[in-house]
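Just need the whole structure built from these sequences, with the hints factored in.
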Amino acid sequence: DIAEVVSFMDHGTLALLWGMMIIVGVTAKTGVFEYMAVRLYEVSGGSPFKLLFWLSVLDIVLSAFLDNVTTMLLLAPVSIQLCDAVGRDPRPFLISLALFGNVGGTMTMIGDPPNIIIGNMLKEFVTFLQSRGGTRQGSGSAAAPASSQAVQARAPPAGEAAASRAGGPDERAEELARF
Numbered sequence: 027d028i029a030e031v032v033s034f035m036d037h038g039t040l041a042l043l044w045g046m047m048i049i050v051g052v053t054a055k056t057g058v059f060e061y062m063a064v065r066l067y068e069v070s071g072g073s074p075f076k077l078l079f080w081l082s083v084l085d086i087v088l089s090a091f092l093d094n095v096t097t098m099l100l101l102a103p104v105s106i107q108l109c110d111a112v113g114r115d116p117r118p119f120l121i122s123l124a125l126f127g128n129v130g131g132t133m134t135m136i137g138d139p140p141n142i143i144i145g146n147m148l149k150e151f152v153t154f155l156q157s158r159g160g161t162r163q164g165s166g167s168a169a170a171p172a173s174s175q176a177v178q179a180r181a182p183p184a185g186e187a188a189a190s191r192a193g194g195p196d197e198r199a200e201e202l203a204r205f
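So for the sequence shown, this note's numbering puts the first residue at 27; every next one is plus one.
Bear in mind the hints are in silico, worked out from the structure with no lab data behind them.
Take the hints with a grain of salt, since some may be wrong.
Stated by the list, open to error - With beta-carbon atoms standing in for the labels, derived distance ranges: (1) Val83 to Lys149: 30 to 38 Å; (2) Ala29 to Gly113: 53 to 61 Å; (3) Arg65 to Leu99: 31 to 39 Å.
Every residue, glycine too, gets a C-beta built ideally from N, C-alpha and C.
Written as structure tokens, this is what we have:
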């Protein structure tokens, strides 16, 4: 049933991605991405390795604030043109764009579609926690003493091997007391 399929879709995520692609499409028509590529070529001085570095940095920055898939679609043709200008095979450049686009996309909630979905679900989860009387801050502070007690309970006994590593039984006892 099509109504059931539509009910499973995250409409907020789809709307954000759609709107972002429209904004990037309009921005691409201005030539700003080609301008950035020309500036990268100038900064790199024509060196393929410097060009790869600066293209990867640009990809990370753009993917953090735009959708990483859209960034890849915009930068791939530009990087192919740059590789033609430098006389290099574009495949390593495209592979680095894919990898660094994923790195940049995971830096923010809007850079990667799974992050957007997680952010939408997190909003509902935080509301659930607040309705139960707990917050992230409160639950974390309540768990801290319990976790430190569990670590102390699992501390190794002050045997000869443990004592010799710490420098002696007295130093080992002081180390455990500080812990």
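Hints, one by one, checked against the model:
Between Val83 and Lys149 the C-beta distance comes to about 31 Å, which sits within the given range of 30 to 38 Å. Judged by the Cβ atoms, the range 53 to 61 Å given for Ala29 and Gly113 holds: they are separated by roughly 56 Å. Between Arg65 and Leu99 the beta carbons are some 20 Å apart, a value that contradicts the proposed interval 31 to 39 Å.
Checked against the numbered hints given earlier, the structure breaks only hint 3 and satisfies all the rest.
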